[in-house]
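K.L.:
All chains, please: the whole structure from these sequences, using the hints.
Each chain, written out:
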Amino acid sequence: MASATLATLSDRPVRSPVRRATTDPAWARWLLTGIALGFLAFFLVLPLVVVFAEAFSKGVPYFLNAVREPDAVSAIKLTLLTVAIVLPANVVFGVAAAWAIAKFKFPGKSLLITLIDLPFAVSPIISGLVYVLVFGAQGWFGPWLIDHNIRVIFAVPGIVLATAFVTFPFVARELIPLMQAQGTDEEYSAVTLGASGWQTFWRVTLPNIKWGLFYGVILCNARAMGEFGAVSVVSGHIRGETNTIPLHVEILYNEYNSVGAFAVASLLALLALGTLVIKSAIEWRQGGTP
Amino acid sequence: MSIEAHGIRKKFGSYTALDGVDLNVPQGKLVALLGPSGSGKTTLLRIIAGLEFPDAGSGRVLFHGDDVTDVPAGKRKVGFVFQHYALFRHMTVLDNVAFGLRVRRRKERPSASAISERAHRLLELVQLDGLAGRFPSQLSGGERQRVALARALAVEPKVLLLDEPFGALDARVRKDLRRWLRRFHDEIQLTTIFVTHDQEEALEIADEVVIMNKAHVEQVGTPQQVYDKPASPFVYQFLGNVNVLKAPALAGSVRRARPEEANPDGQIYVRPHDIELRPHDSGSTGLSAIVRHIHAAGPRASLLIEQVQSREHVEVEISRSELADLGLQVNDLVRMRLRQTHSFDEDYAI
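Keeping their order, the protein sequence lines are chains A and B.
Per the numbering used here, the very first residue in the first sequence carries number 1; after that it's consecutive.
Per the numbering used here, the very first residue in the second sequence carries number 1001; after that it's consecutive.
No lab work stands behind these hints: they were computed from the structure.
Any given hint could turn out to be false.
Examples of chain A residues toward chain B, derived with CB under 10 Å [what the hints assert, rightly or not]: (1) Gln138; (2) Gly183; (3) Glu187; (4) Ala190; (5) Val191; (6) Leu193; (7) Ala195; (8) Ser196; (9) Gln199; (10) Val204; (11) Pro207; (12) Asn208; (13) Glu283; (14) Arg285.
Keep in mind it's a predicted model, so treat the numbers as computed, not measured.
Note that the Cβ used here is the ideal one computed from N, Cα and C, for glycine as well.
P.N.:
As structure tokens, then:
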């Protein structure tokens, strides 16, 4: 009986297509796929190609000069410094917030969830302006800060604050659904086995969220390096002092030094590509392990 | 170690999960907390484990006479097995079992080799030694269950608490595993409480059954006691099938040996296998009924009969050979007699 079934199956003409209830006619499939790919090519791939083509349009030496020029180096350093402060801060905050929201019940929880999303909801310009209004010369703390000779606005602290604000939600947003799905049973069982709260966190909770956390960190990092709007408001665009990579790109471009602008921009584009590679590597890794 | 709980109350918001519950589990017994979902049985188990706490000032939990109400879960020496096992998914089976020993303070912690040896011994005990290097996701439900048990036993608990231990398994495995658990309990002699909503499971393996309903304990007793002498209509209905019949119609067929049970206004409870069927000829007594349905695909035959007088439907269970002797067909007339019945006061409504 079984062999008879097998025989009929293999006797079938090879070209007969498997019909499925969800399959549309060929023209519809090609049209939809074509639209998607065309859109992708025009809006994503083309600009990316342009960035690199323009960056190297005057040859590799010119590219290297544009990247190694002191103002560019200073911008790169400032961006890296900002990321080095913002990223750990947001990781700690994100894990703590996600842990609190996913594993505990407390009054004001839904308010906290909403507030975490606030930086996504408001325009980055407003995020910057808020800090100007609070810490600027005419702001609430302005006179006090001037008296104590502390510069926040048009200085590095302002840039760090604005970047931190904008990149606030990435880690928490990534972890909350993951931690909610995992529930609290594993933590409870660690507790009944005698683990302390700290041991439970390091040995049970953190290993369970490590890939989600890594993913959140990558996204947060990409955004922190690329943030323009909020940083632009608080930075003051002082060359060699308060310019981050995106602000430096803008200045170069406004000075009609488009090759220089694209050369520096290509660094950010490379970062974006690297981020995507790491992200898909993580997704592949997660899909691969049971 | 014996476990006692006195006057436990627990509210979740406006919902009362436990309303003054007492429990007494003697040393070395296997006790089932049995009840429908929402009866408070899991909450009671978690309060005993220290994962939940009774409402302020309401009750005490005693282990071996010592008040542990305010002792945190990790210090109570309980082994807890969760319904969905809650194995650490990023650790191997061996690491899962060793966890409880590895998180101990340095002074109390055995050496790494002693821990590994002990974990292997426990895996042998639950018959899983070959799977030490696997991850939980690579195990079947029954295997995970046993890993969870080994992990709970690793910390040498004084009490073992199991939350719906067989709930997530398929019927076949469930039956094997519960017999295994009974033998296992006889071997290790650890005071054990398990929560279940499956009366068959509770009656089969427990030394004592605590039946819970709506935040209260309805009855406590050995499986035989609770099955034969249910304390309330709820228990009667919860433990197996039962027919609830109007008393007056049955007055003639109930044996008058215990007159208090023939309460003329009340209802009569009778289990399907406590009804006797006889051929409907002139010589026999009992109430007339018509056979409406016969289901004989199983070890015993179950019949649905309709009483001629009151038109009540009654479920009857008889052996296949009795059925063959009676030669019954659908729509045949038959006489029924009640061998054993039970009635409760009317105000003891369900």
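K.L.:
All hints are to be evaluated individually against the structure, with a verdict given for each.
P.N.:
Hint check results:
Hint on glutamine 138(A) is violated. Least Cβ distance to chain B is approximately 49 Å, over the 10 Å limit. Among the interface hints, the one on glycine 183(A) holds; its C-beta lies about 8 Å from the nearest C-beta in chain B, closer than the 10 Å criterion. Below 10 Å, beta-carbon pairs count as interface contacts, and glutamate 187(A) has one with chain B at about 9 Å; its hint therefore holds. Annotation: interface hint on alanine 190(A) holds; nearest CB of chain B at approximately 7 Å, less than 10 Å.
For valine 191(A), the interface hint holds, since its Cβ comes within 10 Å of a Cβ in chain B; the closest pair sits about 5 Å apart. Among the interface hints, the one on leucine 193(A) holds; its C-beta lies about 4 Å from the nearest C-beta in chain B, closer than the 10 Å criterion. Annotation: interface hint on alanine 195(A) holds; nearest CB of chain B at approximately 4 Å, less than 10 Å. Hint status for serine 196(A): holds, given a least beta-carbon distance of 7 Å to chain B, under 10 Å.
Residue-level restraint check for glutamine 199(A) holds (minimum Cβ-Cβ distance to chain B is 5 Å; threshold 10 Å). Of the supplied interface hints, the one on valine 204(A) holds, with its beta-carbon coming within about 6 Å of a beta-carbon of chain B, less than 10 Å. Hint status for proline 207(A): holds, given a least beta-carbon distance of 4 Å to chain B, under 10 Å. Proximity of asparagine 208(A) to chain B holds as hinted, the smallest CB-CB distance being about 6 Å (cut-off 10 Å).
Because the smallest distance between the Cβ of glutamate 283(A) and any Cβ of chain B comes to about 18 Å, over 10 Å, the interface hint for this residue is violated. With a cut of 10 Å, the hint placing arginine 285(A) at the interface with chain B is violated, because the nearest CB-to-CB distance is about 13 Å.
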